[in-house]
Amino acid sequence: MKEFLEGSRAVAEIIKLCKPGVISAYPITPQTHIVEELAQMVANGELSSQFINVESEHSAASVVLGASATGVRTFTATSSQGLFYMGEVIFNIAGVRLPLVMTCANRAISAPINIWNDQQDSISLRDAGWIQLYAENVQESADFHLIGYRVSEDKSIMLPVMICMDGFILTHGIESVDMPKQAQVDKFLPAYKALYKLDPSEPLTMGILADPDYYMEARYAIHATFKDVLELLPKVSQEFSDIFGRDYKDLLVEEYFTKDAEKVIVAMGSVCGTIKEVVDELRAKGKKVGLLRIISYRPFPYARIYEALKNVSKVAILDKSVSLGAYAPLASEIKSVFSNKKKLPKVISSFVAGLGGRDITLESIREIFRKLNAKELVQEFIDLKPELLKEQYE
Amino acid sequence: MFGPLIVKPEKSKGDKTGSWRIKVRPKYLQKNCIACKMCLLVCPENCIIGKEKNAFSTDYNFCKGCGLCAVVCPKADIEMVEEESLEDKKGMAK
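Listed in order, the protein sequences are those of chains A and B.
Counting from 1 along the first sequence, just add 211 to a position and that's the residue number in our numbering.
Note that our numbering gives residue 59 to position 78 of the second sequence, counting from 1, and the numbers run on in steps of one.
It is worth saying that the hints were derived from the structure and are not from the lab.
It is possible that part of the hints are untrue.
Distance condition first, Cα-Cα at most 27 Å in a straight line; then the derived BS3-like pairs of lysine-lysine [stated by the list, open to error]:
no. : chain 1 : residue 1 : chain 2 : residue 2
1   : A       : K366      : B       : K(-8)
2   : B       : K(-11)    : A       : K408
3   : A       : K408      : B       : K(-8)
Far from chain B, by Cβ distances over 10 Å, these chain A residues were calculated [unchecked claim]:
no. : residue
4   : Q251
5   : G282
6   : R308
7   : V396
8   : Y407
9   : A585
No residue lacks a Cβ here, since even glycine has one placed at the ideal position from N, Cα and C.
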């Protein structure tokens, strides 16, 4: 049934339908509404999960790690500094191969302190062994949590999933959302049965010291499993489409007018909605432009991206994060897609925009398409204010 | 794909770490032993076996040759002796 919901509410409703046994989280803007709603549902008796209150994100992540290790479905959510505070536990959850789903309400990183949206937080944890899916709108934010559990708990995968939704833009944005019925969710997502769990009657140890004889194989296995995730995502997407009627194609990328395009922007997350608007506008004027939206950032779908961009002559990569002192993360990865390839774009320019919540407007996107010409641009900051760079401290 | 991930109890018994030993190993003389069990209690590897007088020995599959048993023995009935050969050092033949 279609409902008019805030993004956070939609996510909370979906998590309720997934029936996690344990939820633990610490509030942080802009994630707070999600866990507030869930805490309310538990308090009202609508949801029979245990909601464990903790004193920090480090503890919240540790609680869901421990709970998941006992074989129960778990959920947590965080953002920005909270995600970084979870950092070591985040790596542990993947290392111990515990399936769980976490929402990352994407927000900028201090300093300067800033509560608004960019994607620096989750991007900085890209090497943690988590599957990362980036949502464009509220409907996707909700649906991806369902898909996340299904992929995470697959017996051949057993890896945690981070659903990245842009802070405020999606967490606080109110949109029309098609909410599934419990029976549909139960069909798509059967009850979780752990492959291994902490159980006093059958003791075992997880996350034990692995000396140089063992460590590398444990890490290699995660890396190899990501290749299986690339194969699984399209299949799960098909199952999802059969039950819920929404088709996310291969769930790796979305191609929007790329087939005959001469200029394509590559981006992730909610900004893609804005880009589609500009693509429509320019297409109406006969310009051959398009958008390639990366949905699965980890695993990174190299082959799929190559197929989508090999015949495009000019590609612009739009990052909402930076790797200070190097190419922005998405830019460096998209460029690496074409190393040693015969077919490749003539121009690959990279742009950074929207850091710390600076609005990426229709005009910002038009500017990117304008600047995407014969001259290759590297790390061009859009909407930068040069007057603020004149400060001197001598 | 899964690598080494889960460990069942007593798995460490399969890891024969006696080869880490360098230079010396304890020799149980089994002459003046009073079965006080001080050596057994002090052993950091918990690899000393025995109950009766003059019947204690160490499992060279795990012994690191630290020498604590020889120091603690009130009857000086344990001696630290040179490893005789590489094969002997591993001590896993028997």
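Here's how the hints hold up against the structure:
no. : hint               : result
1   : A:K366 to B:K(-8)  : holds (24 Å)
2   : B:K(-11) to A:K408 : holds (11 Å)
3   : A:K408 to B:K(-8)  : holds (17 Å)
4   : Q251               : holds (37 Å)
5   : G282               : holds (13 Å)
6   : R308               : violated (6 Å)
7   : V396               : holds (28 Å)
8   : Y407               : violated (5 Å)
9   : A585               : holds (45 Å)
Comparing the model with each earlier hint shows violations of hints 6 and 8; every other hint is respected.
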